[in-house]
Amino acid sequence: MPDLIAALPKVELHLHLEGSLRPATMLDLAKRHDVDLGVGSAEELTTQYRFESFDDFLRLFIQGLEVLNDGEDFVTATTTLAEELAAQNVRYVEVTTTPFNHHRRGLEMAEYVDGLNEGRRRARLDHGVELSWICDIPRELEDPDLGFTADLITGPSAPDGVVALGLGGPEVGYPAEWFAASFEKAKAAGLGSVPHAGETVGAESVWGAIRALGADRIGHGVRSIEDPALVDYLAEHGIPLEVSMTSNVLLRVAPSVEAHPIRRLINAGVTVTINTDDPAYFSTDLTSELWLAHDVHRLSVDELRQLQHNALDGSFAPDLLKSSVRKELQVPG
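Using our numbering, read the sequence shown as starting at 373 and increasing by one per residue.
Hints may contain errors.
With beta-carbon atoms standing in for the labels, derived distance ranges [to be verified]:
no.	residue 1	residue 2	range
1	Ala378	Asp498	19 to 25 Å
2	Ala560	Asp375	42 to 48 Å
3	Arg496	Tyr421	28 to 34 Å
4	Glu512	Gln678	32 to 38 Å
What the hints contain is simulated information worked out from the structure, not anything from laboratory work. We treat Cβ as the ideally placed atom computed from N, Cα and C, and that holds for glycine.
Please model the complete structure; the sequences and the hints are all you need to start from.
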């Protein structure tokens with residue numbers, strides 16, 4: 373079974389570029405810019421990745437941004453991630469990045485976008501990974517009335533391959549409804565809506581993302597299980613959930629992998645996809661997440677293949693690419 377999972381063609385929809393910097397990469401970038409991370413080795417840095425709450429994680433995540441200081445850093449981050457994904461047979465990935473976090477630190481957006489563009493080009497050329505971008509709004513930092521992120525990705529200076537607007541950061545105190553104007557602008561420009569919801573706040577957050585933001589997918593969304601009517605709605609309308617089990621457990625959204633609601637959501641007919649969220653901080657990868665789904669929740673190889681179909685169908689990938697990966701998924705493991 374491990375060999376079958378490793379060989380499975382894969383699609384990932386919920387992966388943060390800034391959360392993909394493995395400790396060795398983060399240290400290399402820190403040395404490039406003389407950034408003091410307070411540690412002397414990758415192993416020592418890894419020991420800091422312990423979280424008592426979502427806020428603990430968010431503080432460490434923001435600190436990690438200090439190593440991303442120019443366009444070449446984003447090329448390095450993207451190509452390093454692509455190499456890791458290629459080794460897992462990931463054919464297509466939608467990677468989330470947060471432009472406002474870098475803008476507020478003084479990075480010129482032209483340099484940031486150039487770095488993303490070159491990194492995406494090299495991901496395809498050097499590693500055979502097709503990559504699209506989701507640019508997300510940090511709820512707690514970006515003024516919803518200014519619409520910085522929506523303006524960037526709907527304007528002439530948008531990154532190549534941007535497919536959707538996301539919404540990240542803490543849900544508590546920052547409801548989806550505040551950001552409706554930005555999502556309306558993105559949808560009008562032909563982009564998707566993929567907000568985080570139902571992670572640190574319950575079902576009402578998911579309802580808000582659907583009703584106010586026209587969500588095409590829900591980032592996380594696992595607390596939808598608390599509202600049977602919402603579960604029925606998600607199943608009926610085929611709105612995919614981007615589920616990240618290890619993330620949910622480490623950030624105290626679920627008490628354990630065994631208690632995670634993924635199997636109940638699948639059994640209820642909800643369209644579920646498997647993802648890593650911030651794989652470096654959570655010491656995971658997509659192959660490991662699929663193995664957890666099999667080993668703990670007893671998903672068969674056919675069910676795991678269906679989850680990849682779910683991700684492919686719920687993605688914003690070009691039709692030709694979808695057709696190619698769909699054919700690969702039909703080959704028995």
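query = Is 32 to 38 Å a correct range for the gap between the Cβ atoms of Glu512 and Gln678?
reply = holds, 36 Å
query = Measuring from beta carbon to beta carbon, are Ala560 and Asp375 in 42 to 48 Å?
reply = holds, 46 Å
inquiry  = The hint says 28 to 34 Å between Arg496 and Tyr421; measuring C-beta to C-beta, is that right?
reply    = Holds, since Arg496 and Tyr421 (Cβ atoms, about 30 Å apart) stay within the stated range.
query = Okay, Ala378 versus Asp498 on CB: inside 19 to 25 Å?
reply = holds, 21 Å
The structure is consistent with each of the numbered hints, conforming to all of them.
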